[in-house]
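Model the placement of chain G on the given structure of chain U, informed by the hints.
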Amino acid sequence: MTLFGYRLPMMSSLIVWCLIWEIVGRLELVLLFPPFSGVLAALVDLVQTQKFWDATWTTISTFCIGMVLAIVCGVALGVLMGRVKAAENLLGMWVNVFASAPLSALVPVLMILFGMGAKTIVVSVFLFAIWIIALDTQAGVKHITPSLIDMARSFGAGRRDIYAKIILWAALPEILAGIRLGFIRGVKGVVIGQLLVSIIGYGELFEIYSRSFLMEDFWALTIVLFAFALLVAELVGMLEKRIEYYAGVRQ
Amino acid sequence: MVAVTRKFPREPHGEDMASLESIISVRGINKVYPGQVHALKDVDLDFPAGALTTLLGPSGCGKTTLLKIIAGLLAPTTGDVLVKGKKVTAPGPERAFVFQDFALMPWATVLRNVGFGLELRGLAEAKRNEIARRYIKQVGLSGFEDKYPHELSGGMRQRVGLARALAVDADVLLLDEPFSAVDEQNRRKFQEDLLRLREIERKTFIFVTHSIEEAVYLSDRIVLLSRRPGQVSQIIAPQIDRSGTPDEIRRDRAYLDTVEEIWQGLRQFVD
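Going down the list, the sequences are from chains U and G.
Be aware that the first sequence starts at 1, since it is given in this note's numbering, and climbs by one per residue.
Be aware that the second sequence starts at 1, since it is given in this note's numbering, and climbs by one per residue.
No lab work stands behind these hints, which were simulated from the structure alone.
We put the beta carbon where it would ideally sit given N, CA and C, even for glycine.
Each hint should be verified, as a subset may be incorrect.
Across the chosen pairs, the derived CB separations fall in these ranges [said to hold, decoys possible]: (1) U:4 to G:153: 47 to 55 angstroms; (2) G:127 to U:100: 46 to 54 angstroms; (3) U:114 to G:36: 53 to 61 angstroms; (4) G:127 to U:142: 34 to 42 angstroms; (5) G:130 to U:168: 22 to 30 angstroms; (6) G:27 to U:241: 54 to 62 angstroms; (7) U:156 to G:241: 37 to 45 angstroms; (8) G:146 to U:156: 20 to 28 angstroms; (9) G:150 to U:168: 17 to 25 angstroms; (10) U:229 to G:150: 31 to 39 angstroms; (11) U:114 to G:153: 55 to 63 angstroms; (12) G:248 to U:142: 48 to 56 angstroms.
Not everything, but these chain G residues come out facing chain U in the computed CB check (under 8 angstroms) [claimed, not checked]: (13) 73; (14) 101; (15) 121.
Isolated chain U (complex conformation) (with noise of 0.2 angstroms):
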C-alpha cells in the first residue's frame, strides 16, 4: 500500500488500529477497553509468569498429542473410506456429519467422560481435527489414477507395496491439504475445549482474568492466543505451497 507517495510496511494499518484503541481506552468509555500500553505492559508481565507457561505448555501439548492421534487415525479412516466400498458406505454419513456439526456442543459430554482435565482437551482437539483430514484423504485416494495400482500390480507389488508405495503417495496433496485444514480445526479445538473446561492451560488464566475484571491481562492473552492461531496458519501456509507445486504437477 502507499500513501502519499511513501510505501508503507506490512502490516502498518495494525498501527493506526493500535492509535485508536489506545484513545477509546484512555477515554475510559467502556471497561473493556483498557488503553493499548496497559495490555502490552500486561503482555510483558504475563510472559514472565510462570503460570503462563505451564498454560502454554499445556496447550501445546495437548494440541499435538490430539493432533498426531488426529491424523494418525483420519488418514487411516480416510484410506479405509477410499478403498473398501463397504466402509464408505457404513461411515461415510457419519464421517460428513461430523464433519459440518458444532462440535462444540460436544465438548460439556467429553467433560464428563473424559474428566475436567488435559485427556478432554485433546479429545476435542481431536475430534475438531480428523473428519476432515479423513474427508480429503478419501477424496485422494478415491482419485488415484487406476492404472498406477495396475501398474504396482503388474510389476509384482503385493498388498503392502500398493499402499505404502503408490497409494499413500499419490493421494499425499490431498492428505496434506486435509492436514492444513485439520491444523486450523485443532486450534480451535483446544482454545473452546480450554475455554469450557476453564480449569487448566489458557482456559483457567482466561477464567480468573475474566471473573476479576483484570481486562489488561485478558487481552494480553487473547493477543498470545491469535498469534498462537496465526503461527500455526501461517506454518501450515508455508507448508501448503510446497504440497500445491506438488499438487499441480500429476498427470
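Same frame as chain U, but now just chain G:
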C-alpha cells in the same frame, strides 16, 4: 535411440508363425462385465515366441480387456491364460506391461520410475539403479535420470514406461495403445525405435492399437477383433520387407495392400 545397429535375421513370417512355439496361449476366454456387458466371446489365440502380435479392432471391442487378462490384471469370466504352457491367474515376472497413460509415479524421478519393477522385486538400490540407467540409455533418455515425469514430454514419458518394462527383463512385453497419448511426430519416431529395439531385445511383443497403419508397420501378426462381444474375426500376417527405410516401408506395395485388406475387413464393424 538404440546403440546397436547390427541386424539380426528377420523372424520367419506368415504361416510359419503358427509352427513356432507359442509362449502365451489363451483358451476359451469370455469376459462379461457386471451389467451383462459381453466384452469378449470364446477367444482362442496363440502368441508365437519372438513375434510382435497386434490386437486390432474398433474401439470397445475388448482388445485392452484381452491384454489385461493376459497380463493377469483382470480375471476372465471363463477360460484360461497359459504362459509357457502353465496356467496363470495373476501378474508374473515373465510379463511386463506398458500403459496407455504411461502410469508413471509423479513423485519419483525417471531413475526410480524405471527401476520400480526391480525395486518391487527387492533388488538393492545400487544394482537396480545400474540396470535402470542402462535401459534409460537404451530408450534415448540419458541425462534425464533425475527429472520428474512432469518435466518430460508425452513421448519421453512413454519412453520411461517402456524402459521400466524392459528393465525387469520379462519375456513378453504387453503394450496397451502405448502411442495413443503421444503426438504424431513422436509416434512415428517411437514406432521406428520399437522396430529397432525388437531386433536387439529378442522379446515377444503383444501390442494393442486402433491404428491400422501402426499395426501393419510394426507387426508380424495382426489379430482382428470384431465389435462387442469381441471375437477373433481374422488373423493376418503381413509379408512386408522391413529392411528398407521407414519411408520405403510406408510406400511398399505389400504394406499398402495389407492396410487396405484390413480396412476392408474392419469396415463392416464401423457404423
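Against the structure, the hints:
no., hint, in the structure
1, U:4 to G:153: 47 to 55 angstroms, "holds (52 angstroms)"
2, G:127 to U:100: 46 to 54 angstroms, "holds (52 angstroms)"
3, U:114 to G:36: 53 to 61 angstroms, "holds (54 angstroms)"
4, G:127 to U:142: 34 to 42 angstroms, "holds (36 angstroms)"
5, G:130 to U:168: 22 to 30 angstroms, "holds (28 angstroms)"
6, G:27 to U:241: 54 to 62 angstroms, "holds (56 angstroms)"
7, U:156 to G:241: 37 to 45 angstroms, "holds (39 angstroms)"
8, G:146 to U:156: 20 to 28 angstroms, "holds (25 angstroms)"
9, G:150 to U:168: 17 to 25 angstroms, "holds (20 angstroms)"
10, U:229 to G:150: 31 to 39 angstroms, "holds (35 angstroms)"
11, U:114 to G:153: 55 to 63 angstroms, "holds (57 angstroms)"
12, G:248 to U:142: 48 to 56 angstroms, "holds (50 angstroms)"
13, 73, "holds (5 angstroms)"
14, 101, "holds (5 angstroms)"
15, 121, "holds (6 angstroms)"
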